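*Asks:* Each chain is listed here by its residues.
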Amino acid sequence: MSQRTLPLLIINLGGEMIYILDQRLRAQDENDDKAQRGGWTEDDRKRVMNDIVGTMFNKAFLEELLRPQDLYTHRALRTVLTRIAHTSIMRLKPASMDKLYDLMTMAFKYQIVLCPRPQDLLLVTFNHTDTIKELVKDNPSLVNQINEAQRQLIEVYTPLSDGEFQLIRHTLLVLFQDMQIRISIFLKEKIQNPNGHFVLQTAGPVPHGFEVPGLIRWFNAKGREARRTRFPSGGSYTSAGRQGSFDLSGDRVTLLGTNMYSTPSPGDTDPSSSSNSRGKLKQADTTPNLLATEELNLLAKLMGGMEVRKLLNVDAGFRVNLWTLDQEEDIEISEGTEHQSSRVINIQVTQDRLASTELARIAGEFDEEESQTEGPGNKGDDLLAMMDEL
Amino acid sequence: MAKMYHKEKSIPIKSSASALYNNLSVLRIAPRCLTYFTVVHANVVNMVSASWDGLNYSHRQLQSKEGNVTTSSSLIMQAAWCVLPSRDLLVLTSQKGIQMYESDGSIMVYWHALDTPETPTAKAVFARGIAAVRDKYICVGVSSGSVLVFDVPSKGSNITLSEVLEEHKEAITDMASECSGSLEGIADLVSADDSGLLCVWKSGEDFQLLNKIPGFDTSCSSVKLWKGTVIAGYGTGQIRLYEAITGILHAEVNAHARWIYTLDIAPFTGLLLSAAEDSWVRVWHLSLTPETNSVEIEHMYNECVTDTQICGAKFCDGDGYAFAVTGYDLSEIIRYTQA
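Those protein sequences? They're chains A and B, same order as listed. Under UniProt numbering, the first residue of the first sequence is numbered 1, with each subsequent residue one higher. Under UniProt numbering, the first residue of the second sequence is numbered 1, with each subsequent residue one higher.
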């Protein structure tokens with residue numbers, strides 16, 4: 001269907017990923033026993049954020065995204081997002097990446113479904129870029145990169161008609177079809193039902209440009225209104241509010257796409273937990289995806305063009321566990337205790353699912369590189385070990 | 001006050017409905033007391049045949065098969081039955097082209113490939129909008145705005161592309177033929193596009209453009225033609241009634257709080273069904289007064305399908321005694337009958 005879904009996918013999903021990682025890193029900072037850990041600071045979090053944001057808004061990467069192309073599969077999307085996350089010194093275990101991906105995709109699915117008008121998807125995207133800019137505001141060159149990306153988005157997407165935007169939205173909805181993973185924070189906020197479907201209100205302001213349902217107007221042959229009657233609409237709708245801004249900066253009006261993790265809810269230490277009893281994850285295409293080579297070329301370009309970040313003290317095993325793996329049941333937010341996972345995480349050489357040898361080679365570089373420690377090596381080790389405990 | 005309709009047992013489908021306009025088609029097979037339903041899920045069409053006593057269902061799935069499948073599977077935009085005097089055909093429109101099957105989906109009788117560019121262009125390519133017109137035409141819309149007219153023989157697979165109508169500049173969203181059964185009217189077909197433009201046609205060896213009703217920069221996602229009146233549903237949640245030949249606006253209804261996905265008419269009674277992403281299905285009654293050439297639209301009934309973005313709604317019979325509904329992510333066809 002639409003050939004323009006990829007930039008919106010990566011920026012919005014990447015944005016959600018950044019929100020979650022940022023929240024987890026801040027939470028760790030607060031809970032940290034500084035005496036033991038040797039100073040896990042604000043600077044470390046910022047460094048991870050800067051690395052990830054820098055990758056996501058890399059000029060060449062964005063150009064590739066903006067090229068008209070078919071929708072990515074979940075597999076390819078996940079690979080790209082994992083690589084983006086791994087351009088920092090942080091490493092995520094596959095199980096953590098699973099949960100992170102679930103959370104990211106359900107959050108974005110929620111935003112797409114709830115979008116009042118199809119073009120508001122762009123406002124959602126701008127909410128993500130606005131918030132990311134705020135997170136890296138101390139880094140002017142990154143802010144510039146994001147602004148440049150936003151300019152390109154404005155150029156490509158604002159001329160589209162509502163029908164074309166709806167096509168983009170429908171294409172995205174195919175990708176997220178049948179995903180009914182229950183997310184604790186959504187269930188708690190009553191935006192998701194126990195069966196996994198989102199709550200759709202039949203109340204509130206109608207979208208900008210719409211009229212409140214309930215009126216029928218008749219016109220004479222000259223086009224003048226002759227009479228009007230009312231009918232019961234069944235819902236409690238009110239007039240439209242103001243329109244969000246599609247400029248480089250401005251009030252987007254909608255809250256969809258803003259950081260829902262930044263406001264701590266009471267008794268909520270792990271708002272980003274997801275339920276283990278998940279629904280079916282729909283694989284968008286089960287036939288061998290021959291577009292995979294294109295997607296992998298994108299990655300190769302991405303990795304090739306980027307300065308390969310040296311891993312610190314790599315022992316093939318500073319894997320990160322964002323969430324503990326002990327829990328089998330639903331994670332109840334009200335319990336509020338962080339589990340202490342073991343300090344040494346099982347070293348798993350993550351089986352690289354990518355077929356491309358070029359990428360496998362580049363990926364290999366991350367694992368095998370001799371440690372030429374860049375910057376404060378100890379802190380890096382501590383950072384990674386600390387992440388184990390999240 | 002008694003409810004006009006009540007909910008019946010739902011019909012399960014093999015996979016959930018995709019978010020697409022007009023994503024439900026119904027074919028009533030009276031001699032066999034069966035109703036066929038189709039619902040599109042990504043690259044698959046789910047067909048269910050249900051007995052009228054609601055006791056027996058049988059399922060079939062159709063994939064969009066292309067001549068030479070080398071790239072990723074093609075997403076289907078719409079599936080609809082075309083009822084012609086001599087035969088019924090099931091038409092599927094996708095990113096790659098148009099397929100026509102025998103009405104039970106058993107045999108594909110025709111395949112038309114769209115011109116897809118070598119490298120993907122920014123503008124999407126697909127077919128969407130299906131209507132059976134008069135005795136022997138099946139019309140299908142394309143994303144470029146073209147309307148393809150196919151000539152269909154009374155049997156066999158010798159279907160030919162007889163004409164390409166080029167009036168629309170934006171992607172076709174939906175098409176409808178005159179459904180009242182009356183032969184008096186001259187307008188046979190109306191086509192709608194993403195800009196809200198409506199074109200009214202007379203069928204024949206060469207189709208003739210009778211009228212162009214301009215849009216107001218909002219997509220018209222669903223359209224119907226009944227007794228010379230165009231009923232159009234828009235992305236702004238409004239329904240407009242126009243006189244087809246003259247383009248005179250009869251009435252405008254602020255019907256829904258979100259994008260309208262589908263309209264349907266029960267031709268014998270003039271009942272109109274509208275459904276939208278706002279979770280509401282509404283039933284209206286249309287009546288025409290030929291003397292004054294006026295159209296009345298009266299609101300009859302509301303049904304809220306909780307937490308569902310409705311993508312398809314159709315009457316199951318010509319009187320509007322029953323209707324069926326599909327929604328995004330729902331793996332069932334919800335049915336309602338008059339109380």
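It should be emphasised that the hints constitute simulated quantities derived from the structure, not laboratory data. Remember, predicted model here, so these are calculated numbers, not experimental data. Where is the CB? At the ideal position from N, CA and C, for every residue including glycine. Where hints are given, some of them may not hold.
[To be verified] Covered stretches of chain B, going by a simulated chain A footprint (3 or more residues, C-beta under 8 Å):
#, stretch
1, 5 to 11
2, 82 to 93
3, 162 to 173
4, 176 to 187
5, 210 to 219
6, 276 to 282
7, 296 to 302
*Asks:* Confirm or reject each hint.
*Replies:* Here is what the structure says about each hint:
With a cut-off of 8 Å between beta carbons, the stretch 5 to 11 of chain B has 0 residues touching chain A; three or more are needed, and the interface restraint is violated. Given as covered by chain A, the stretch 82 to 93 of chain B fails the check, having 0 residues with a CB less than 8 Å from a CB of that chain where 3 are the minimum. Evaluation of the coverage hint for the stretch 162 to 173 of chain B: fulfilled, as 3 residues show C-beta separations to chain A shorter than 8 Å, against a requirement of three. Only when three residues or more bring their CB closer than 8 Å to a CB of chain A does the claim for the stretch 176 to 187 of chain B stand; here the count is 0, and the claim is violated.
For the stretch 210 to 219 of chain B, the stated coverage by chain A is satisfied: 3 residues place a CB nearer than 8 Å to a CB of that chain, which reaches the threshold of 3. Coverage of a stretch by a chain is defined here by at least three residues with a beta carbon nearer than 8 Å to that chain's beta carbons; for the stretch 276 to 282 of chain B and chain A the count is 3, and the condition holds. Figure legend: the stretch 296 to 302 of chain B, annotated as covered by chain A; annotation consistent (3 residues with Cβ-Cβ distances under 8 Å, at least 3 required).
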